[in-house]
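*Asks:* Listed below, chain by chain, are the residues.
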Amino acid sequence: MPLIKNAWYCAAWSETLTRQPMQRKFLGDTIVLYRTERGDPVALSNRCPHRFAPMHKGCLKGDDIECPYHGLRFDATGRCVHNPHGDGHIPKAAQLKSYPLFERDGIVWIWMGDPERADPATVLDSQYTAFVRDAKTFAVGFGDLQVKANYLLVMDNLLDLTHAPYVHPNTVGGRPEDSIQGGMHVGFEEDEQSVTSTYFVPDMPPTPQLQPLFPLPAGDFRIHMRWQPSSALAMRLTMTPPGQPDGSGVVLPLLHLLTPIDESHTHYFFALARNVAIDVPAAHEAMMEFARRAFEEEDEPMIAACQEQMGTTDLFSLKPVLLQTDVASVKARRRVDALVQQEGR
Amino acid sequence: MPLIKNAWYCAAWSETLTRQPMQRKFLGDTIVLYRTERGDPVALSNRCPHRFAPMHKGCLKGDDIECPYHGLRFDATGRCVHNPHGDGHIPKAAQLKSYPLFERDGIVWIWMGDPERADPATVLDSQYTAFVRDAKTFAVGFGDLQVKANYLLVMDNLLDLTHAPYVHPNTVGGRPEDSIQGGMHVGFEEDEQSVTSTYFVPDMPPTPQLQPLFPLPAGDFRIHMRWQPSSALAMRLTMTPPGQPDGSGVVLPLLHLLTPIDESHTHYFFALARNVAIDVPAAHEAMMEFARRAFEEEDEPMIAACQEQMGTTDLFSLKPVLLQTDVASVKARRRVDALVQQEGR
Amino acid sequence: MPLIKNAWYCAAWSETLTRQPMQRKFLGDTIVLYRTERGDPVALSNRCPHRFAPMHKGCLKGDDIECPYHGLRFDATGRCVHNPHGDGHIPKAAQLKSYPLFERDGIVWIWMGDPERADPATVLDSQYTAFVRDAKTFAVGFGDLQVKANYLLVMDNLLDLTHAPYVHPNTVGGRPEDSIQGGMHVGFEEDEQSVTSTYFVPDMPPTPQLQPLFPLPAGDFRIHMRWQPSSALAMRLTMTPPGQPDGSGVVLPLLHLLTPIDESHTHYFFALARNVAIDVPAAHEAMMEFARRAFEEEDEPMIAACQEQMGTTDLFSLKPVLLQTDVASVKARRRVDALVQQEGR
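Chains as they are written, first to last, in the working numbering: chain A, -13 to 331; chain B, -13 to 331; chain C, -13 to 331.
Calculated directly from the structure, the hints in this document are not laboratory data. A couple of the hints might just be wrong.
Which copy? The list can't say, so a pair holds if one copy fits it or any two copies do.
Here are the simulated PhoX-like pairs of lysine-lysine, each with C-alpha atoms no more than 20 Å apart in a straight line [claimed, not checked]: (1) K78 <-> K122; (2) K305 <-> K43; (3) K78 <-> K305; (4) K43 <-> K317; (5) K305 <-> K83.
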């Protein structure tokens, strides 16, 4: 299935984008990312128009980037501004494609489609991302990984968290008897912008593996996983002492931002925050290692294995058996289908 | 050339199939194999019909296998018997394809085609396999390897053993002057069911490399290599003291069972037995290591190199030069062609 | 773009071709190369016509080569001369394709096209290659490497040496301020047979990295890089004391011979000679290591990266921006286009 081009995608966590040019592939295009001396993010085609050398192997000269093969220089808008050879003539076509960027809340967003339509007003609302910069309330950690699968398979994974006790029994998943069989209620919500899957377990014993990190008594366990096209998932996990209002206990906001590399590979960016043990470095290390293991060593191999079994065939063409727990992901996929069709017109 | 689906293929040596689910790919299908608590072999599609997760990574719950992604359970017939989520509703389509199996003489046979036609009466006759379980007469060893070539190239290799002194000079092949140029007579036999190539060298000096294993005087050397469609080769090698009847000396029965993984990869199962030095563990180790080296380090690279040179083109389309020694393999290939055509109708 | 078949290509440096059969792939054909007992070079198809085994894994028996699979023997013209099996009958079609070779000045040239048209008179003229055997005047070193790119991208690299200070700043490239910006004049010449790019820098400081090898004062720096279809580049680099005639100082003749492996891989043969420090082994080692690093670790990755960015699309189809410094390579490519069209007719 084609990818949606006219959308904002996460290009990088702000803190990972520096003066060192960095290569990334999004929606099939190879891109070089760097910052100007003032700190503004830049995204240009990574392919020199002269001999197609990879720009990210070149040096920055001020705000310009120099081709590593023959030394042509391009400014931050992609215009060639220097040809060191002969009379220095610069052909008009000497231009790198420039991609619109928007940076807020520690996230660098990129627009891969028609630049005219790149409206920052359509970036994921700050209410879902502001926690990343809210250092008073939260401790935040970042990461990213590459998944050998179409981004919709990662979305499916995130919109149906009932996989947790099966895929993550030794990390974030806990035991089925505590969650799935512990009176868990799975629901979903939707509005014009989003589809959300919800999970509620009253009085759930805390996940044993998380105990050393967040020593908590049993409590009400809630997850909201909100998906917004094309591939931003804002998650909120709370553990609330019995009888208290949601949010009065542990609150873990998370972001899962999926950027298609191509139709069968995904760049998966994640941020994890917590309102407890904020100043405990050991808790931070442990939590990030926990997440890394869960995403890289448990989710990724499972999702990639599914993709491998599916080959290049689209999910619905394989006529999957659908369960009640698939409602959110199926609704999200239907919306993606509609957007793809709309973009195709 | 298409593969023959309606046939029994070796899926595993009995002793290698346990309660630990095992993944194998045969004729392009990915399969999970395991045993029930009673010991019956089970072969199911390895692809969960829900999200196409690989079943072999799941656990057994009694005789059922649990999907490692969301916990659906399927019984040994492939029927979904447990959905742990929500109200536990099980859609009718929640079913893993089940493959007919038949186990005898230490071999688990699988039928990849139309289950209605899976008749155990058509399994390779026990007269060719019974030696595997005849511990009084023989010592037996097992092995298997994957060959990067179409199964017919492996069959060609086995039906023309004149390659032995060239490919296996330091293991099982001996010297050309002892065999090929030592008055060897190559023949073939055929009946409705099979094609057999035969080799006879009167009074051949024993293969020097085998001497430490089977210290024998010179004798009559005979091999019968019987092929039966689609890919079972029963071999019998004898070394008989001069003037004695065949079988009165050393007898080595072997099985070579070829199961196509896909059109360019083969799962090659072999069993080797001997009626001498039965209780000598060192002889056993040496013989198995000998066979492993011959098959894995000598035959496999040669067959794979031929496949690589041939690309995906069928042998006959490349118009090979044919020698008298190709008669058996050409006859076998003609039968395979006929079976493929018959199956295509 | 198709490859030119009717042309002489370098198959090997003479000194690397021995009695040990060697496999090489040129223009998509897999070839076995060896020498007869008298020392004549032989090039045959590496694919036995019987079962397509790779001939280079076989042994030489005198001037004949024996197939490693079933022992057929072929003479140096490719004719099958021995079948060890049965009555020894040799089918007429048992023949390995033989490729015309021509050896001179330490180079073994091969003709991949119509043997009727293989005229040694069209081999690269000895005036460009004689230095290889001129041990009185020059010390010579040889090498070869495989480039993951179409041979024309390697030709482009060599016909536009303005890449040197960017790609080779720490080896053979020197500093842009000494060459590109030091008053360098880039020119080109052409005649019916060839296209040549020329570089001249008056009074250039010597490349610092070369100083330990050739301690020279500043001087006039000249390069002639002469390309002749389809892919032979004869280079001459001189560093001449100011006011003296070209050739009176350091003279470095080089050969770059490009043989397409297939459309996206190239076998790159190079020879480097120098008329200074001829008898200094350390200078030799240092110079060859210098060249190896420049070609293998700097040029090859850059050219391969360009090829990767271009995919399988032809250069001109991608509408590259062209600079004045591309004149020679564009002219050479136009000639290649004409030859390809001519061969297609």
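*Asks:* Against each hint, give a clear statement of whether it holds in the structure.
*Replies:* So, going through the hints one by one against the coordinates:
Within a single copy, K78 and K122 get their C-alpha atoms no closer than 51 Å, and across copies no closer than 52 Å, so neither meets the 20 Å cut-off. Taking the closest pair of Cα atoms, K305 and K43 never come within 20 Å of each other, the shortest separation being 45 Å inside a single copy and 22 Å across copies. When the C-alpha separation of K78 and K305 is checked against a cutoff of 20 Å, the pair qualifies only between copies, where the shortest distance is 13 Å, while the shortest distance within a copy is 51 Å. Neither within a single protomer nor between protomers do K43 and K317 lie at most 20 Å apart by alpha-carbon distance, with minima of 42 Å and 28 Å respectively.
Taking CA atoms no more than 20 Å apart as the test, K305 paired with K83 passes between copies only; the shortest distance there is 14 Å, against 40 Å inside one copy.
Checked against the numbered hints above, the structure violates hints 1, 2, 4; every other hint is satisfied.
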